[in-house]
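Q: Listed below are the residues making up each chain.
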Amino acid sequence: NAGVTQTPKFQVLKTGQSMTLQCAQDMNHNSMYWYRQDPGMGLRLIYYSASEGTTDKGEVPNGYNVSRLNKREFSLRLESAAPSQTSVYFCASSRHRDQSYEQYFGPGTRLTVT
Amino acid sequence: AQSVAQPEDQVNVAEGNPLTVKCTYSVSGNPYLFWYVQYPNRGLQFLLKYITGDNLVKGSYGFEAEFNKSQTSFHLKKPSALVSDSALYFCAVTHSGNTPLVFGKGTRLSVIA
Numbered sequence: 078n079a080g081v082t083q084t085p086k087f088q089v090l091k092t093g094q095s096m097t098l099q100c101a102q103d104m105n106h107n108s109m110y111w112y113r114q115d116p117g118m119g120l121r122l123i124y125y126s127a128s129e130g131t132t133d134k135g136e137v138p139n140g141y142n143v144s145r146l147n148k149r150e151f152s153l154r155l156e157s158a159a160p161s162q163t164s165v166y167f168c169a170s171s172r173h174r175d176q177s178y179e180q181y182f183g184p185g186t187r188l189t190v191t
Numbered sequence: 005a006q007s008v009a010q011p012e013d014q015v016n017v018a019e020g021n022p023l024t025v026k027c028t029y030s031v032s033g034n035p036y037l038f039w040y041v042q043y044p045n046r047g048l049q050f051l052l053k054y055i056t057g058d059n060l061v062k063g064s065y066g067f068e069a070e071f072n073k074s075q076t077s078f079h080l081k082k083p084s085a086l087v088s089d090s091a092l093y094f095c096a097v098t099h100s101g102n103t104p105l106v107f108g109k110g111t112r113l114s115v116i117a
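Heads up: the protein sequence lines correspond to chains A and B, in order. Using the working numbering, the letters of the first sequence map in sequence onto residues 78 to 191. Using the working numbering, the letters of the second sequence map in sequence onto residues 5 to 117.
Wrong hints could be hidden among the right ones.
Straight-line Cα separation of at most 25 Å, DMTMM-like style, residue types lysine to aspartate or glutamate; simulated pairs [said to hold, decoys possible]: (1) Lys86(A) - Asp175(A); (2) Lys26(B) - Asp115(A); (3) Lys109(B) - Asp103(A); (4) Lys109(B) - Asp133(A); (5) Lys148(A) - Asp133(A); (6) Lys62(B) - Glu136(A); (7) Lys26(B) - Glu136(A); (8) Lys73(B) - Asp115(A); (9) Lys73(B) - Glu19(B); (10) Lys53(B) - Glu156(A); (11) Lys81(B) - Glu136(A); (12) Lys91(A) - Asp103(A); (13) Lys62(B) - Asp89(B); (14) Lys109(B) - Glu70(B).
Since the hints were derived computationally from the structure, they do not count as laboratory data.
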């Protein structure tokens with residue numbers, strides 16, 4: 078039982094390049110989330126998927142797109158990377174029903190855009 | 005809208021002393037409250053939650069938290085701090101429904117030997 082896995086762990090991009098961050102969970106959770114973490118800013122929600130087939134914008138969605146590929150997988154795409162997107166990205170999942178709302182986090186992807 | 009405030013960026017405590025990390029919240033309806041811990045270069049780990057029931061909830065690693073509805077607070081506590089408790093702590097809130105957790109900005113706990 079791996080929990081939440083993310084790939085890659087580290088990535089360096091040049092401004093304007095694109096990339097996709099992958100996330101998968103094996104806990105049969107309904108909801109999945111993408112956050113970015115910046116010093117002094119806490120965790121900010123980028124996008125989330127309350128259930129398979131649905132996605133919604135969070136607090137900071139500009140410059141990102143997401144795909145809920147199936148119940149297990151939720152990817153985050155940067156179409157044209159900018160230095161402001163340098164951050165640590167975390168994927169999380171939760172059952173989000175029946176009083177089980179806690180989220181479980183992956184290990185993170187450290188992205189640098191030069 | 006829901007929000008969480010962690011009023012202290014940094015908390016310092018001596019090993020063996022009790023520790024408290026503060027959290028206040030604002031939410032429409034009944035709050036569901038959570039604490040997470042983050043060690044360096046790691047993801048967040050779930051510590052404990054309050055959904056309903058007893059106001060004092062116990063979690064992992066000897067941590068506990070007290071829900072206080074009148075003060076809209078959910079402070080994290082531990083009777084005797086360990087150096088290994090040094091980490092970044094996040095409080096989070098949601099309410100029933102499909103609303104994601106909203107996180108505070110985090111409090112860095114430093115336990116000094």
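Q: For each hint, tell me whether it holds in the structure or not.
A: Cross-check of the supplied hints:
1. Lys86(A) - Asp175(A): violated, 33 Å
2. Lys26(B) - Asp115(A): Given that 25 Å is the threshold and the Cα spacing comes to 21 Å, the pair holds.
3. Lys109(B) - Asp103(A): violated, 28 Å
4. Lys109(B) - Asp133(A): Holds, at about 22 Å.
5. Lys148(A) - Asp133(A): Measuring from Cα to Cα gives roughly 15 Å; hence the hint holds.
6. Lys62(B) - Glu136(A): At roughly 31 Å apart (the allowed maximum being 25 Å), glutamate 136(A) and lysine 62(B) break the hint.
7. Lys26(B) - Glu136(A): holds, 24 Å
8. Lys73(B) - Asp115(A): Given that 25 Å is the threshold and the Cα spacing comes to 31 Å, the pair is violated.
9. Lys73(B) - Glu19(B): With a Cα-Cα distance of about 30 Å, the restraint between lysine 73(B) and glutamate 19(B) is violated, given a limit of 25 Å.
10. Lys53(B) - Glu156(A): violated, 37 Å
11. Lys81(B) - Glu136(A): Violated, at about 30 Å.
12. Lys91(A) - Asp103(A): With a Cα-Cα distance of about 33 Å, the restraint between lysine 91(A) and aspartate 103(A) is violated, given a limit of 25 Å.
13. Lys62(B) - Asp89(B): holds, 16 Å
14. Lys109(B) - Glu70(B): holds, 20 Å
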